[in-house]
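Numbering (this note's numbering), first residue to last: 15 to 141.
Any given hint might turn out to be false.
[To be verified] List of simulated lysine-lysine pairs, BS3-like, C-alpha gap at most 27 angstroms:
(1) 110 - 20
(2) 20 - 45
(3) 20 - 48
(4) 110 - 45
[Stated by the list, open to error] What follows is a set of in silico ranges between Cβ atoms, one per label pair, in the way DEER data are often shown:
(5) 132 - 105: 34 to 40 angstroms
(6) 75 - 98: 35 to 41 angstroms
(7) 66 - 121: 18 to 24 angstroms
(8) 55 - 95: 37 to 43 angstroms
(9) 141 - 55: 44 to 50 angstroms
(10) 136 - 25: 16 to 22 angstroms
(11) 36 - 118: 39 to 45 angstroms
(12) 51 - 122: 19 to 25 angstroms
(13) 53 - 122: 20 to 26 angstroms
(14) 85 - 47: 25 to 31 angstroms
No lab work stands behind these hints: they were computed from the structure.
Here the structure is a predicted model, which is why all the values come from computation and not from measurement.
Glycine included, every Cβ here is placed at the ideal spot set by N, Cα and C.
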Amino acid sequence: MNKVTKLLHTRYRVNDLERTVAFYRDVLGLKEIKRHKSPRGSELVFLQTLGSEELLEITYFPGSGPVQVQPDLTHLAFEVESLEAFGQHLAAHGLKYSDGPTTSSSGTTFAFIDAPEGYEIELIEKK
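Could you put together the complete structure from these sequences and hints?
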């Protein structure tokens, strides 16, 4: 079969590796799985949520020039148990939602936060 079989990871290139990794680890609760330097000199950190197999690859590669994230180009979406509780968690980190929470007609509630480097994160509370 000539089909892909599994999503392995999504890569986001960043200007400040440690600040970004700290955000995903400390604010979102992702776990650092591995870290290494690629043969071309990129610094790579792979993170994972507790309930997923897919990895998030955060990459620092200064040889490609500075990262400039276009607004509303891409985002990651994560499920949370409670947006109210997560909002309190954000406040403890000096952060707040950039948009929402908003409830859809299906009863799902979602909100957005801005990650370092300008990447957007969607948080979804399913009913």
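Hint-by-hint comparison with the structure:
A hinted pair counts as satisfied when its Cα atoms are at most 27 angstroms apart, and residue 110 with residue 20 does not qualify at roughly 34 angstroms. At most 27 angstroms may separate the alpha-carbon atoms for a hinted pair to count; residue 20 and residue 45 meet this at roughly 20 angstroms. For a cut-off of 27 angstroms, the pair hint linking residue 20 to residue 48 stands: about 19 angstroms separates their Cα positions. A hinted pair counts as satisfied when its Cα atoms are at most 27 angstroms apart, and residue 110 with residue 45 qualifies at roughly 22 angstroms.
In this structure the supplied range 34 to 40 angstroms is violated for residue 132 paired with residue 105, their Cβ-Cβ distance being about 21 angstroms. For residue 75 paired with residue 98, a C-beta distance near 38 angstroms keeps the hint of 35 to 41 angstroms intact. The hinted window of 18 to 24 angstroms between residue 66 and residue 121 holds, with their beta carbons roughly 23 angstroms apart. Restraint check, residue 55 to residue 95: a C-beta distance of roughly 40 angstroms satisfies the suggested window 37 to 43 angstroms.
Distance hint check: the CB atoms of residue 141 and residue 55 are about 46 angstroms apart, consistent with the given range 44 to 50 angstroms. Separated by about 18 angstroms at the C-beta atoms, residue 136 and residue 25 satisfy the suggested range of 16 to 22 angstroms. Roughly 31 angstroms separates the CB atoms of residue 36 and residue 118, a value that falls outside the hinted 39 to 45 angstroms. The hinted window of 19 to 25 angstroms between residue 51 and residue 122 is violated, with their beta carbons roughly 40 angstroms apart.
Under the hint 20 to 26 angstroms, the C-beta atoms of residue 53 and residue 122, about 43 angstroms apart, miss the expected range. Checked against the hint of 25 to 31 angstroms, the pair residue 85 and residue 47 passes, with Cβ atoms roughly 29 angstroms apart.
In terms of the numbered hints stated before, the structure departs from hints 1, 5, 11, 12 and 13, listed from lowest to highest.
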